[in-house]
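There are 2 protein chains.
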Amino acid sequence: MRSLRGALLALAVIVTLTAAPAYADDGVRHLPAHDVAAPDTVSPAMQAVIGGPLSPIWNAHPKSADEWKTLIAKLANDVVATLPALREHLGVSVEPTLIAGVKAYIVTPEVIAEANRNRLLVHVHGGGYVLFPGESGTREAILMAGYGHFKIISIDYRMPPDFPYPAAMDDAMAVWKEVVKTNDPKNMAIFGTSTGGGMTLAMVLRAKKEGLPLPAAAAPGTPWSDMTKTGDSYFTNEMLDNVLVSNDGWLGDAALLYAHGHDLKDPMLSPVYGDYQGLPPMILTSGTRDLFLSNTVRVHRKLRAAGVEAELQVFEGQSHAQCMRDPNAPETKEYFAEVARFFDLHLGK
Amino acid sequence: MRSLRGALLALAVIVTLTAAPAYADDGVRHLPAHDVAAPDTVSPAMQAVIGGPLSPIWNAHPKSADEWKTLIAKLANDVVATLPALREHLGVSVEPTLIAGVKAYIVTPEVIAEANRNRLLVHVHGGGYVLFPGESGTREAILMAGYGHFKIISIDYRMPPDFPYPAAMDDAMAVWKEVVKTNDPKNMAIFGTSTGGGMTLAMVLRAKKEGLPLPAAAAPGTPWSDMTKTGDSYFTNEMLDNVLVSNDGWLGDAALLYAHGHDLKDPMLSPVYGDYQGLPPMILTSGTRDLFLSNTVRVHRKLRAAGVEAELQVFEGQSHAQCMRDPNAPETKEYFAEVARFFDLHLGK
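Residue numbers (my numbering), protein chains in the order written: chain A, 1 to 349; chain B, 1 to 349.
A portion of the hints provided could be inaccurate.
If chains are identical, the list can't say which one is meant, so a pair holds when it fits in one copy or spans any two.
Heads up, simulated SDA-like pairs for lysine to any residue below, C-alpha to C-alpha not over 20 Å straight-line [unchecked claim]:
| # | residue 1 | residue 2 |
| --- | --- | --- |
| 1 | LYS229 | THR41 |
| 2 | LYS177 | PRO56 |
| 3 | LYS186 | LYS208 |
None of these hints come from the bench; they were simulated from the model.
None of these values were measured; they are calculated from a predicted model.
Please model the entire structure based on the sequences and the hints provided.
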């Protein structure tokens, strides 16, 4: 009797719950409003980063080229102001140069690791193809030089509003073509985060298509692999990610500004739609709160399906690209150490 | 002038947004109610799985041993009813046996791959340490035998309400000790999902501690690595994951029932707190909507920090353990193919 009563109770629970409005059968999750505290499963430094307020510019919608340029200049100045101390702290020097007519920076650590003497990394910065021109784009390269002890060329590719697609990609490929003339591509890797991650993928896809040498490895960090707001985390991590926050702010506007009428599904703009056969080993990185978590894992699955060696790492609690937000957070050092290890494994000497 | 006006505008935007109530500086995200559709970036079969209603039992709170047993029996019967067709479809046979006095099943595919002739996998099933006794616990092993072409021993370990911790672990270790007498552990791996993933980790940790042979590899699928509701995705994916839904339903109750007064932070119950030095290579799996995404990535980071070879894969849009929900979904075949590839890479022959 007891057992029967239990069975009926269980069944009642099932029927009741199935009929409740929250249990839709239309495939839609109806999520209630809720508060989420910063995780306590990360370092204190990272907890402060994750718990910070939403990016103050996420919902900016510049209305003109001038308004874009004002926003771009402000953010660039903010970053540039932090760079002398960062270079000093990490013992990294940065020199502007021109390669095949394209502006770039040579980023050099005080001590290049013995194994890295004949190696060269190529860096493409992030920022939605509009932000972080000039020196402000070198921050990630400084961190990699300092923590990974590699020599790096960081490309200062042209950007909107003055130079929409394909200027950025043309610049990046011009540099690539030039540097492989004097450096062995087997000793080289390409890396970048966010837009730089998407560009890393697009560069490798374009190099393959054009029959150019491929790098020995690549590290697309949380790549902007799909510009069409397609992918689950665009919706599930909206308003949870405090860096990008949503595609419906400056980010979506920047996609259109860059594409300049080109199809956003073109693999040169949304590389998740590319053909991944024959690509070099890659390490991909994201965070559990990252708006681009799906952009990252979709590329990882596609690489694996194409038989490409591809490592994935997802950092606990992090929003977009927060594994390099605080130069002194243990997670930042861990991130660059992992990418450096991966490059060391795959690059010739 | 234009530029200055822009700068002021940008500043105004920043100030306004910073002052808005949603932009807290207490580290808490205040998420509004919102609807999330099933992703269109997965197979149609997986889309149906992800878009299914919340588990009807997620918020069950059995009040007595009898109520637990009724729930357990109902769910076991539901699974068992599906197994003959699954075994037939995959050409897998399942025979009950006793190993060191512990109930187990020998799960054998019609064709054992040539490379797998001298290999043996040990499987521990999921279900919160309370669900899926007997034959109902063999489902995942059938899928692995069918898709991976391995011979498998699936352990029918004792469970609450009659047998709380450490009965399950004692049974699993008794089987492990027995099978390594007649099989080379270099040719063996341990795998399991959810509770089976947590147990896989706990088994390897206990084998190390007791000086027993370690397997050549392990595959903890979305492991229940932390029973204390610690980890970001317990909160960020609550009500989004349609399988576990929340820790505050049957799951949290099951943790206490199993622990039976033991400290939930004991690494034998919450293996994320274990010492990962010297563990064998592992492949870990989760989904972007998985309540256990943090349980998975935290273990992955700990393994990497300890220098253990550890691969992570995170499936787009999936809630808890959905990579094996529909036996015919492409993602299911992809999952078992990846784990089989990983085992093939690391197991001796």
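Task: Hint check, failures only - done: 2
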